[in-house]
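Engineer: Given next are the chains, with one letter for each unit.
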Amino acid sequence: MKSIYLPLFRDQLSRLKASGVEYADVRFHDLDESESLFFLQGELRGCEQNSQFGFGVRVLTDGAWGFASASSLNDLEATFQRAFLSAKESAKCIERPVKLAPREPLVNAVFKSPCKIDPTEVPLKEKIDFFKSVDDLLRQDHVKQRFLSYEAEHKQVHFLDTEGSYGVKEIVDIFAGMRVVGIDVDGLSQERTYSLTLDPYGTRGWELFQDPKNFLEHAERITAELKEVLSAPVCPKDVRSVILKPGIMFLQTHEVVGHALELDRILGYELSFAGGSFVRLQDFGELRYGSEKMNVVADATLPNSPGSFGFDDDGVPCRNVTLIKDGILRSALTSRQTITEANEKAGRTIFEASGASNRAMDFTRPPIERMTNINILPGPDGTLEDIVKNTEKGIIMDGDRSWSIGSNREQFHFACEIGWLVEGGKITGIVRNPTYSSATLPFWRSMSAVGNASTCRLVQVANCGKGLPSQIMRLGHLVPICRFDNVQIGL
Amino acid sequence: MKEIFSNAANELRNFARERNIAAEFTFHRGISKLVRFANSGVSSNTSEDTFSLDVDVTKGRAKGSYSATTSPNDLESMKIALLRADEIARFSAPVSFDRRIPILPERNPDDANFDQRIENMTTADALDLVGAATDDLLGAGLSLAGMVSSGVIYEARANTLNNNLLYHAGTDANMELVITNDKEKWEIQSSQSAVKFGQFAPEELRNEFALLLEQYKNRERMSVPVGEYEVVFGRDAIANLMNYFGWIGFNGRSLKHDMSFLREEDLNKQVFSPLLTVVDDPSFSDTFPYAFDASGIERQAFPLIKEGVFQNFFWNKETCEEFGGEPTGHDVPSMSIAIGSGNTPINTLQDLLDAPREKDILYIPYLHYMGIVNAAKGIVTGSTRFGALYLRKDGSIAVPYNMRFTASLRDLFSNIKWISQRRAALNLSTLYGRRHPEAMLTPRFTCIEKVPITLSNTSF
Chain A
3 MKSIYLPLFR
13 DQLSRLKASG
23 VEYADVRFHD
33 LDESESLFFL
43 QGELRGCEQN
53 SQFGFGVRVL
63 TDGAWGFASA
73 SSLNDLEATF
83 QRAFLSAKES
93 AKCIERPVKL
103 APREPLVNAV
113 FKSPCKIDPT
123 EVPLKEKIDF
133 FKSVDDLLRQ
143 DHVKQRFLSY
153 EAEHKQVHFL
163 DTEGSYGVKE
173 IVDIFAGMRV
183 VGIDVDGLSQ
193 ERTYSLTLDP
203 YGTRGWELFQ
213 DPKNFLEHAE
223 RITAELKEVL
233 SAPVCPKDVR
243 SVILKPGIMF
253 LQTHEVVGHA
263 LELDRILGYE
273 LSFAGGSFVR
283 LQDFGELRYG
293 SEKMNVVADA
303 TLPNSPGSFG
313 FDDDGVPCRN
323 VTLIKDGILR
333 SALTSRQTIT
343 EANEKAGRTI
353 FEASGASNRA
363 MDFTRPPIER
373 MTNINILPGP
383 DGTLEDIVKN
393 TEKGIIMDGD
403 RSWSIGSNRE
413 QFHFACEIGW
423 LVEGGKITGI
433 VRNPTYSSAT
443 LPFWRSMSAV
453 GNASTCRLVQ
463 VANCGKGLPS
473 QIMRLGHLVP
483 ICRFDNVQIG
493 L
Chain B
-18 MKEIFSNAAN
-8 ELRNFARERN
2 IAAEFTFHRG
12 ISKLVRFANS
22 GVSSNTSEDT
32 FSLDVDVTKG
42 RAKGSYSATT
52 SPNDLESMKI
62 ALLRADEIAR
72 FSAPVSFDRR
82 IPILPERNPD
92 DANFDQRIEN
102 MTTADALDLV
112 GAATDDLLGA
122 GLSLAGMVSS
132 GVIYEARANT
142 LNNNLLYHAG
152 TDANMELVIT
162 NDKEKWEIQS
172 SQSAVKFGQF
182 APEELRNEFA
192 LLLEQYKNRE
202 RMSVPVGEYE
212 VVFGRDAIAN
222 LMNYFGWIGF
232 NGRSLKHDMS
242 FLREEDLNKQ
252 VFSPLLTVVD
262 DPSFSDTFPY
272 AFDASGIERQ
282 AFPLIKEGVF
292 QNFFWNKETC
302 EEFGGEPTGH
312 DVPSMSIAIG
322 SGNTPINTLQ
332 DLLDAPREKD
342 ILYIPYLHYM
352 GIVNAAKGIV
362 TGSTRFGALY
372 LRKDGSIAVP
382 YNMRFTASLR
392 DLFSNIKWIS
402 QRRAALNLST
412 LYGRRHPEAM
422 LTPRFTCIEK
432 VPITLSNTSF
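Taken in sequence, the protein lines are chains A and B.
Each residue of the first sequence is one higher than the one before, starting from 3 at the first, in our numbering.
Each residue of the second sequence is one higher than the one before, starting from -18 at the first, in our numbering.
For the record, the hints were derived by calculation from the structure and aren't laboratory data.
Check the hints yourself; a few may be wrong.
[Said to hold, decoys possible] Distance condition first, Cα-Cα at most 30 Å in a straight line; then the derived DSS-like pairs of lysine-lysine:
hint, chain 1, residue 1, chain 2, residue 2
1, A, K171, B, K358
2, A, K146, A, K229
3, A, K229, B, K237
4, B, K60, A, K347
5, B, K164, A, K146
6, A, K101, B, K166
7, A, K134, B, K374
8, A, K94, A, K19
9, A, K395, B, K358
10, B, K250, B, K431
11, B, K237, A, K146
12, B, K298, A, K134
13, B, K250, A, K101
14, B, K198, B, K166
15, B, K164, A, K327
16, A, K127, B, K60
17, B, K237, A, K127
18, B, K198, A, K347
19, B, K166, A, K94
20, A, K229, B, K358
21, A, K127, B, K298
22, B, K431, A, K239
23, A, K134, A, K295
24, B, K40, A, K146
25, B, K40, A, K127
26, A, K94, B, K164
27, A, K146, B, K250
28, A, K239, A, K229
29, A, K347, B, K40
30, A, K157, B, K60
31, B, K177, A, K90
32, B, K(-17), A, K239
33, B, K198, A, K146
34, A, K127, A, K101
35, B, K60, A, K94
36, B, K287, B, K237
37, A, K134, B, K166
38, B, K298, B, K358
39, A, K327, B, K166
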């Protein structure tokens, strides 16, 4: 996994260190390949491969950051110099010098994501044949549009810094989804989707598709559910218990727990774009975020997920951090920079060490706080059947159709693909256009049931957006089925 | 850059022709700088210089694509990209319609909107602009956030059918600033887009900030009762709403896939308010326009809505290959959408505050994190952010906490009450991935009646 170019980067880092910078690092992508397939109505409409080569340099000097990237090694020294000069210029306008929390340098750290069959090595024909076989199952009279998408990525990233760190990570990610669209009794389109989920303790290569339960067998389920949605009544406007399956529970967790607990948002670093957070520094250890049933971790040590990556782009080894325990806010998604600033501002030590959440999309972007695996721990309330049995008046929802969140993550509105009404402990029928909305804290405080481990699914997120210049990030959510009471639905 | 693209295109064309490969090439070089501000200081200062080549190889009805991010001088990598695309096409699967490589016409370079001053913008320029817009307004619990982004794109298209090269180059810049109250957590925002450096007028941002700060510092805070309101939308908000028309309204592909709230039977009908006119017009240089699209089709003013009458869907090449019809010159990274101005002489925030009111109204300058609730019905939802005001009939003003609205685009744009006389470009560039600047020409204010507010916060 060693690259012949590493000495060049070491030389440049040594030069910067000799010139007195406080810190500098470089991320070098010497292998970064991706492949995507897109099928519409069973036809291969998009078949694309991509390769990237380049590096990004981050320099901290005089308490300020500078960053530069290039896709050519011809500009190596000039790019390091651009990053240095940007930091020098930035230093003319800072209120609070950046200080990095100490950490042990990485010593030849190696991370490899678990994968048996590298998807980029599988013959294209085999992939096309597989997805066509999935499409055969989707092709039914009531299905007007059939979409299948597949994306795989294989990259090797070297990390070096002026504190003597070196680490290399080799990551394979794989995403796939299917979507069926039909026309309902009012002449409007409805859809049902499924995205490839992972076994958190398994592997994530092409082998995933060899087990029908991971993808193939969901084709029949979603087409059958779509058929029922098309003739179902519209979701009523009401206040009910809402039971969220993992297909929407992951997004509920992502949007108003994960994003709300990114420490850069809490400190105001995203106010001009992604937004802030209703959480304040004084809330840590004090705020009742949710009911006592709510336990949340940021677990980047989960063996198999895009939210696990060995070490972050600060060179800090991945950790499992408790964010919320028994409903009380404990910690956040953090980096070397933000914990120092937060502790200073709070006048107490809230964060002992970086949570290793600082990640960049690719070599063209500097790292920022990103989610790892933001997981809701399973609870004592059994299976979906058990939860339904104990629900007087509710609705089960699944499938993320749209989402819209307040800028401080203080409120939200979600539209789902399918709803099942629950009356007197029994499912009484399907509804279409189910929606729900609420303020964040009252919602989580109304959490009244958390399903057991058998209800958990690891849902991958391939495109979480944040930052300027903008970045997407890949991560995961291992979430059970959960119930929340007194929620407005049908708006 | 044109010469580098041209030389690479010649090499690649010859390499492909020798191997009987039918290929299209898209070259892109993006040079980007972005100075980001948070907590009244520079929080990040980035520069990026990336070159990429996209190759599409067509074999009958099958196609293979390969993209490589590499060095502009690395012809060997580019040839490998071509061979990889050819291999993908060979093993790919055909579609049910004919694919065609366009015969690129001879076109003059499309580089009229290039400004050397923007190309050479420095961190010091960004600091000067931001200082002029905010310096004497900060302090006492107020902080600065935001960004100044500037950059250059160079793009070229070529294929193996002939030796023509379509070349586009342009500069773009954007200043988006936010003043935040650290304790109460409210935020106000203002922005300016520029295709030429001289267009920046930081004093205009300063004046708007000053007026908004006066309201936000001194007026009562309120949670607006849920219900229907007359809302004056600012240009950011109206651009955000109009942007959805490009996905689920005007887009012929969405129509064919039942994902448009506009239907063929809506054509030439009065669907919206007679006050609404929308055109895609590349003559507006502030919208970072393309003179021709990827097939070389010359782009001209393309009416979408005229005085409320729906005029046209736009059609891209692949949709026409599949469903028939003629492409309308819309294979471009961004359109040049312009919303027509009105005749109401309310052109500044001060004008709006001073105008007599028949009832209590809301001013919503900005919408955050919108989502499509139902594409076929055109129902969208979003939250207010950045500087909303509650303007009472009696002339008093309050500061509302953020609100959520959920409404159909058809209803919203049917209920327009008035539109400002003046308009300006609003920068919509997303800054994800490759640099592709985008801006929309929007009226300063658009007043819409019967907007349903469905949720109202009880604090900032």
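Engineer: Which numbered hints does this structure break?
Structural biologist: When the structure is compared with the hints, numbers 1, 4, 5, 7, 13, 23, 29, 32, 33, 34, 35 and 37 turn out to be violated.
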